[in-house]
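Asks: With these hints in hand, go ahead and build the complete structure from the sequences.
Everything in the sequence shown is counted per my numbering, starting at 1 for the first residue and increasing by one.
Just so you know, the hints here were simulated from the structure itself, not pulled from any lab data.
Just so you know, not all the hints are guaranteed correct.
[As the list claims (entries may be wrong)] Capping the alpha-carbon separation at 20 Å, the derived lysine to aspartate or glutamate pairs in EDC-like fashion look like this: (1) K87 x E63; (2) K100 x D115; (3) K87 x E49; (4) K195 x D115; (5) K9 x E49; (6) K26 x D115; (7) K122 x E63; (8) K94 x E21; (9) K100 x E32; (10) K200 x D109; (11) K9 x E132.
[Said to hold, decoys possible] Pair by pair, the computed Cβ-Cβ distance ranges are: (12) L31 x K72: 30 to 38 Å; (13) E46 x E132: 17 to 25 Å; (14) K148 x A75: 20 to 28 Å; (15) L118 x E84: 14 to 22 Å; (16) T73 x M1: 29 to 37 Å; (17) I133 x T60: 15 to 23 Å; (18) V206 x A128: 23 to 31 Å.
A virtual CB, placed ideally from N, CA and C, is assigned to each residue, including glycine.
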Amino acid sequence: MRYDELKTKVNTGDLILFEGEYSISKTIERLEGCPYSHVGMVIRVEGFEDPLFFEATTLTNLEDQVTDNPNKTLAGPKIVNLYERLKHYGEDVKPYVPPKFAYRPLHVDRAGMTDALLVLHKSYYGIADPKEIQMIWEVILGRWFRIKAKKNNFFCSEWIALAYQALGLINTKYPYNSYMPKDFTSMSSFLKLQKGSFEKEIPMQV
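Replies: Okay, structure coming up:
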């Protein structure tokens with residue numbers, strides 16, 4: 001399905017999954033046995049006609065749309081234009097290979113969700129992503145030992161898990177650093193919603 005067909009349907013909390021051509025993307029995909037190495041969520045913000053994208057990433061090519069920080073291109077947690085992220089994702093990799101995307105709808109009562117996400121974003125904007133080894137280590141600590149990582153860096157799935165916990169969508173039995181991008185797909189049963197329900201992911205084209 002094309003983005004143009006989904007643009008008016010996507011809503012806050014829905015997931016967008018990315019396949020990537022970056023070296024770290026391929027490492028994550030191999031470790032997971034999953035085609036997706038990046039995950040973020042849609043956020044609908046009053047005053048913006050287009051859907052925005054709530055994510056944590058090392059990419060600095062797009063401006064954050066809501067921060068009051070004068071530096072609007074910091075790495076880490078950010079809220080950018082969804083279409084622009086999809087359109088430009090991986091364009092700096094040579095030779096360019098068009099990435100694959102998927103949309104995973106969430107059915108849930110969304111009252112208060114956007115406000116809660118904006119508060120979370122404001123609290124952590126500008127905190128960078130961890131290095132590759134640290135990211136893997138934090139997942140091990142969370143998933144197998146249930147040790148919570150410090151909130152001094154965020155990788156993509158950790159950030160979305162923290163947001164889902166803040167929204168009450170998943171419990172805190174496992175800390176936010178337990179989650180990998182695969183866990184937000186129908187390929188994994190690790191993530192268990194405590195309210196709402198997912199549809200299976202839908203392949204998406206820009």
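Asks: With reference to the structure, classify each hint as holding or not holding.
Replies: Evaluated hints:
no. : hint                    : result
1   : K87 x E63               : 14 Å, holds
2   : K100 x D115             : 30 Å, violated
3   : K87 x E49               : 18 Å, holds
4   : K195 x D115             : 18 Å, holds
5   : K9 x E49                : 12 Å, holds
6   : K26 x D115              : 34 Å, violated
7   : K122 x E63              : 15 Å, holds
8   : K94 x E21               : 9 Å, holds
9   : K100 x E32              : 17 Å, holds
10  : K200 x D109             : 19 Å, holds
11  : K9 x E132               : 34 Å, violated
12  : L31 x K72: 30 to 38 Å   : 32 Å, holds
13  : E46 x E132: 17 to 25 Å  : 37 Å, violated
14  : K148 x A75: 20 to 28 Å  : 22 Å, holds
15  : L118 x E84: 14 to 22 Å  : 19 Å, holds
16  : T73 x M1: 29 to 37 Å    : 30 Å, holds
17  : I133 x T60: 15 to 23 Å  : 22 Å, holds
18  : V206 x A128: 23 to 31 Å : 27 Å, holds
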